[in-house]
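Chain by chain, the residues:
Number of protein chains: 2
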Amino acid sequence: MDKVTPRTLSGFMELLPAPQQQMEKLLGTLRRVYALYGFTPLDTPAIESAEVLLAKGGGETEKQVYRFTKGDSDLALRFDLTVPLAKYVAANYGSLAFPFRRYQIGKVWRGERAQRGRFREFYQADIDVIGDGRLDIMNDAEAPAVIAHAFAELGLEDFTIRINNRKALGGYFELIGIKDRTTEALRTVDKLEKIGAGKVRELLCGDCGMTPEQADAVLEFVTLEGTDEEKLAFLEERADKNELLAEGARELRAVIEALPSLGVAKEHFAVDLTIARGLDYYTGTVYETRVNSHPEIGSICSGGRYDNLAGYYTDKQLPGVGLSIGVTRLFYVLSEQGMLNGSVVTAPCDAIVLPMTEDTAFAAHAATVLRAGGVRTQLYTEAKKFKQKLSYASRLGIPYAVIIGEDELAAGEVSLKDMNAGAQARYTPEDAALEIRSALRRLGEEKLIKVQ
Amino acid sequence: MDKVTPRTLSGFMELLPAPQQQMEKLLGTLRRVYALYGFTPLDTPAIESAEVLLAKGGGETEKQVYRFTKGDSDLALRFDLTVPLAKYVAANYGSLAFPFRRYQIGKVWRGERAQRGRFREFYQADIDVIGDGRLDIMNDAEAPAVIAHAFAELGLEDFTIRINNRKALGGYFELIGIKDRTTEALRTVDKLEKIGAGKVRELLCGDCGMTPEQADAVLEFVTLEGTDEEKLAFLEERADKNELLAEGARELRAVIEALPSLGVAKEHFAVDLTIARGLDYYTGTVYETRVNSHPEIGSICSGGRYDNLAGYYTDKQLPGVGLSIGVTRLFYVLSEQGMLNGSVVTAPCDAIVLPMTEDTAFAAHAATVLRAGGVRTQLYTEAKKFKQKLSYASRLGIPYAVIIGEDELAAGEVSLKDMNAGAQARYTPEDAALEIRSALRRLGEEKLIKVQ
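These protein sequences, in sequence, are chains H and D. Mind the numbering: the first sequence is residues 49 to 500 in this note's numbering, read in order. Mind the numbering: the second sequence is residues 49 to 500 in this note's numbering, read in order.
Just so you know, the hints here were simulated from the structure itself, not pulled from any lab data. Take these hints with a grain of salt, some might be off.
Note that the list lumps identical chains together, so a pair holds whenever it fits in one copy or between two copies.
[Unchecked claim] Simulated pairs of lysine to aspartate or glutamate, EDC-like, Cα-Cα distance not exceeding 20 Å:
no., residue 1, residue 2
1, K495, D320
2, K495, D355
3, K437, D91
4, K289, E478
5, K433, E454
6, K247, E305
7, K227, E250
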């Protein structure tokens with residue numbers, strides 16, 4: 049029979065068992081923390097009608113969509129979790145209570161050009177709060193608090209959520225008379241680090257057609273140094289001259305002031321007046337998150353406030369605020385940077401039961417007792433030499449071997465071998481379960497991420 | 049702006065928040081129990097190269113596959129989790145330790161004719177153990193033990209895993225001289241309940257061309273009543289006349305005798321000599337699982353032993369044994385049959401914090417304390433009347449409201465309202481967390497499934 053080469057498509061992450069266990073820990077932590085803040089899990093289909101999925105139309109994304117027909121149906125794979133949310137809320141408006149808080153962790157697909165660290169299939173982990181008509185600004189503070197909590201649980205301490213407000217940004221640009229050139233101005237300013245302030249100023253005056261005063265005002269804004277309070281003061285000093293700027297400054301202050309009471313440490317957030325976010329539907333608060341020691345990674349969690357979630361499906365005004373973690377890319381980067389903690393158990397089980405005689409009934413009983421005690425247990429009954437059995441356990445990094453020979457069988461006990469320390473002692477199966485559990489509790493406190 | 053109707057494709061399950069919480073509980077329980085038995089989680093891509101996915105070729109399945117091109121690539125969505133497992137094991141053979149035990153819970157896609165209770169996108173929850181060259185029969189006992197444990201955790205008590213062995217079946221058919229007509233014989237016998245033994249006998253002699261003695265021997269086999277021991281004895285009495293039958297009988301006895309020591313109650317398994325399973329790659333043990341009070345549902349968990357997992361990818365002999373739960377269909381049926389327990393909390397949170405004054409800082413602090421205490425908490429700061437806030441909480445079925453008015457604020461306390469009992473009492477936020485946790489522990493013992 050001719051063989052087909054078993055291969056996985058490029059741009060599609062498929063992990064070996066040990067890193068997959070780490071990925072599960074990442075996903076599990078996000079699920080748990082998202083739920084802790086009262087977000088309800090949603091699960092929308094991977095496939096949607098192309099008409100529904102592409103209702104908003106246009107843009108780079110549309111070219112990347114996996115679109116195909118089946119029978120008469122024009123179908124597409126979801127390329128984010130926001131459009132399915134919009135569809136869901138519009139379709140189920142009458143059955144939902146608002147504010148509607150949902151999280152969704154699931155795969156999305158984009159046929160991007162394949163390159164290292166870029167994925168065509170990747171997990172997004174989103175939280176959004178959707179209001180009916182209006183939505184309190186406190187939600188804009190709570191969303192980053194959820195993310196900060198999740199990162200802390202994962203062991204990532206070295207991050208800053210940068211927060212801005214599109215109204216403050218837009219109001220300032222209105223004030224200095226360049227409202228119509230906001231996009232170009234921001235695109236030019238993005239080159240600041242690369243080409244320096246002098247060159248940016250030239251481009252602002254040249255390509256963007258600003259007066260020297262306007263260019264200076266833009267540069268003053270985006271290079272503003274100082275504490276959060278000083279940045280807020282800069283906005284507030286100009287608030288009486290522009291209503292939009294005033295509103296943005298009020299919202300930004302409300303968010304910044306609420307974060308500490310929501311449990312977010314001061315070092316984990318900062319006002320950053322330069323953040324705009326590409327997507328044109330953000331209208332208020334915007335967020336980006338950096339790993340401070342690795343700025344080259346870019347933003348690991350972004351989002352913001354939008355006025356209207358589902359305008360292409362419904363006349364209902366549905367404002368919302370949300371944040372999204374690109375989980376697959378984050379995992380890839382953490383792994384590449386050596387930031388994953390090697391002490392986290394990645395074995396398929398905590399204990400492996402090794403019967404040394406033909407009698408497997410007591411071994412099966414011992415495995416059952418261990419499982420009842422919450423120990424993830426493999427029963428190993430293959431006809432192999434003892435040494436091979438132990439080497440199997442070592443290779444998988446299984447922390448405990450539970451050995452049952454003639455003596456143990458006669459005594460109704462097991463020999464518990466700590467595979468790392470090498471120590472071995474006799475227990476009843478029940479006591480072995482307690483012993484393993486207490487050791488694992490210590491190991492269970494290890495965080496997934498460990499930055500040296 | 050023209051609106052697009054927000055709709056979900058037919059045959060694609062998309063649940064409202066409360067049933068989605070039930071579904072999450074189902075999936076979470078399966079994940080936990082599968083892991084408890086030392087199965088490691090895998091996550092393979094939804095999209096594979098069509099050549100790889102359809103390497104085995106042919107059959108009904110191929111017509112149902114979602115297949116499409118993107119650029120030059122001929123792609124397909126996975127239609128089960130077994131082919132991706134075969135690909136994974138063949139591709140990563142050198143990196144895996146055998147026996148390799150994996151579980152995978154994920155969506156698969158089949159473009160079947162849409163009808164009530166049939167899904168085009170559905171979750172499968174699979175466990176498989178793969179050996180390198182050979183695999184001990186004990187694995188055939190452990191696989192159904194995992195499933196029995198999972199169902200017990202879910203609260204499903206009324207099920208039987210029916211077990212047969214293809215070698216016993218094949219050996220018996222060899223023995224009576226109808227080996228070449230096994231498939232037709234089984235297809236005919238499947239009509240037993242519908243058309244009765246007399247008519248089946250006629251078809252066996254007519255359409256299948258058997259002698260009356262052969263037809264009687266087939267009927268004797270498939271209508272055999274009695275205990276597991278009696279059925280095993282029936283096989284063993286004939287074992288010296290056919291080697292295949294003898295081997296099947298030995299394997300079946302080994303499985304049946306091991307199940308009790310693996311913690312499976314006698315009422316949850318039974319020998320059923322009529323089970324063959326359609327898929328032609330099963331070669332030994334085969335399983336089907338019925339809900340006894342609802343035989344019309346059909347099998348909710350099926351599988352078996354196969355000689356060679358990945359023959360179309362590799363020359364390595366990789367025998368395995370596995371079981372698969374069709375989760376989406378199971379959930380649909382449980383829901384339709386009213387078998388889901390209404391007492392399981394399906395609210396997005398356990399407690400909702402309702403500040404009654406403008407001061408939200410203490411409310412945010414209280415929410416943070418509750419979350420630190422493991423209480424899933426929503427902070428509600430929308431500008432609504434108290435009555436509307438409570439009605440929001442009721443509508444979502446949130447068990448506890450944490451009310452903070454002027455008095456509470458002054459005292460640094462909260463009023464904890466039990467939304468079901470109506471009772472209300474004052475606590476510090478820390479004590480409120482303890483109180484809610486202890487009540488939820490009781491509620492947490494509620495199983496997902498409750499058969500009246």
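Tested hints:
| no. | hint | in the structure |
| --- | --- | --- |
| 1 | K495 x D320 | neither (29 Å within a copy, 48 Å between copies) |
| 2 | K495 x D355 | neither (37 Å within a copy, 41 Å between copies) |
| 3 | K437 x D91 | neither (41 Å within a copy, 27 Å between copies) |
| 4 | K289 x E478 | neither (74 Å within a copy, 46 Å between copies) |
| 5 | K433 x E454 | within (16 Å within a copy, 73 Å between copies) |
| 6 | K247 x E305 | neither (36 Å within a copy, 81 Å between copies) |
| 7 | K227 x E250 | within (19 Å within a copy, 87 Å between copies) |
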